[in-house]
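2 protein chains.
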Amino acid sequence: MTASLAASPLATPPKPPLPALTRPLSPDELEAALRGFHSSYYVEHPFHRLMYEGRLTRRQFQGWVANRLAYQRVVPRKDGAILSNCPDPAVRREWLQRIVDHDGSRPGEGGIELWIRLGVALGVPREEMEDERHVLPTVRTICESYVWFCKSTPWVQACASSLTELFAPKIHAQRIESFPKHYPWIPEEGLAYFRSRLVQAPRDVQHGLRIVRQHCTTVDTQRQAFEALTFKIEMLWSLIDTIHNAYREE
Amino acid sequence: MTASLAASPLATPPKPPLPALTRPLSPDELEAALRGFHSSYYVEHPFHRLMYEGRLTRRQFQGWVANRLAYQRVVPRKDGAILSNCPDPAVRREWLQRIVDHDGSRPGEGGIELWIRLGVALGVPREEMEDERHVLPTVRTICESYVWFCKSTPWVQACASSLTELFAPKIHAQRIESFPKHYPWIPEEGLAYFRSRLVQAPRDVQHGLRIVRQHCTTVDTQRQAFEALTFKIEMLWSLIDTIHNAYREE
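In the order they appear, the protein sequences are chains A and B. The first sequence: position 122 = 122 (my numbering), numbered continuously. The second sequence: position 223 = 223 (my numbering), numbered continuously.
Don't take every hint at face value.
If you only want the chain A side, here are some residues facing chain B, beta carbon under 8 Å, derived [said to hold, decoys possible]: (1) P13; (2) L136; (3) T138; (4) E144; (5) S145; (6) W148; (7) W237; (8) N245.
Partial chain B-side listing against chain A, Cβ under 8 Å, derived [unchecked claim]: (9) T12; (10) H45; (11) H48; (12) P137; (13) T138; (14) E144; (15) S145; (16) D241; (17) E249.
By construction, these hints were calculated from the structure, which means they are not laboratory data. Here a beta-carbon is modelled for each residue, glycine too, at the ideal position from N, C-alpha and C.
Whenever a hint applies, use it, and build me the whole structure from the sequences.
Structural data, given as structure tokens:
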């Protein structure tokens, strides 16, 4: 009875390449190592491969868009948690823009509204998007974990967790390119969310990188930054994996 | 493009039967309604059906026991969170026993140690149990959500969430009966955890019920108790569902 699970490993997410950190990295080395986490980003998850190869069924697409709204909706809450832990007014003034981007300046604007319109474009009635009836409890827990993380983690590390945006422009560009090609039934206006993020994400990334480069100058704080980005990468992977499993077509 | 997901519903967990609560329930009615949540307990999850029908592979069994340790390990932490929010020394004195049950009074004792021994009995090396290398990120997040819930919820509601133990003796008895019958390769001593819970769980349930019956006497607090138990039921369902999906045999 000495069989080990190692003989038949699970499809656990690919581990990010954590550097050795035998000394503090320079800001440029730190940024390069953070960018190196790209290989573990969920763009490579099987569900996304199905998406970009045009192999998602309409039901899978709808399940994805309905569940993923739960994530869009926690983003301003996690940004509020970061604000609440940050003592620097200059950082807060700039970070605030992320909340405005998601919530809009008035009803009917902002990233959350654009995501709901994407859902409608994919055939999920607005009411069913808004009341979250299709959101899986596991997806809800995963999304809430991001808020909890940002509440309970020092603000610089919480900022570091947002650096998955380093890798997001590729995923948004893939969607803008592949949706019209493979899913001609999706109306053009459904892509507005991704177009808006192509502008916002690079600006957010520059701000996040400035914070992490400036504040994470010791082995301990750099390790914490890598751990925070690992948390976020695993969170996004868990999210898509849960949706993938719930909407399998077998 | 008006297709609704309602036409092809997901296998979301069965919703617990929340009573109408047009008036406060009597303590006996409250207890009966809480017991009525049994129909949504994860004993009915397909993974558990496979388990009790003798149809789990050794790898599935090992994946289950290795991941489930993460849950055993958060239990004393969530009980500490409840203690930290509870102002009543009498309640705290009694609640403390749960922490002792899981951690033991000295190394080598307690429910966590018995669970590790179950893992070893199922063929997972102790080292691989203890370092949690097989624990899925989603499982870790789900378990942590229980600690966060108990930290951030008033203590009476957090106590109510523990009332899934109302339904646990059946699951423990099923395991004690079905493991030797269907899985003769599991050594007898592997069942020690379940035998210990057959004694502890009914005592915990009596304490939890006393608290909820005494403190939840209004529509609002009763609704909160039902919501707390729903949270926990969905948490356990998410846990087994994630393990089930990760270790599918296809």
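Tested hints:
1. P13: Since chain B brings a Cβ to about 6 Å from A/P13, closer than 8 Å, the hint holds.
2. L136: Since chain B brings a Cβ to about 6 Å from A/L136, closer than 8 Å, the hint holds.
3. T138: Interface hint status for A/T138: holds (4 Å vs cutoff 8 Å).
4. E144: 7 Å, holds
5. S145: With Cβ-Cβ at 5 Å, under 8 Å, it holds.
6. W148: This hint holds: A/W148 lies near chain B, its Cβ roughly 5 Å from the closest one there, short of 8 Å.
7. W237: 7 Å, holds
8. N245: 4 Å, holds
9. T12: 6 Å, holds
10. H45: 13 Å, violated
11. H48: Hint on B/H48: violated, closest Cβ of chain A at ~17 Å, above 8 Å.
12. P137: 4 Å, holds
13. T138: 4 Å, holds
14. E144: Holds. Min distance 7 Å.
15. S145: 5 Å, holds
16. D241: Holds, about 7 Å.
17. E249: Violated: closest Cβ of chain A sits about 11 Å from B/E249, beyond 8 Å.
This entry does not satisfy hints 10, 11, 17, going by the numbered hints stated previously.
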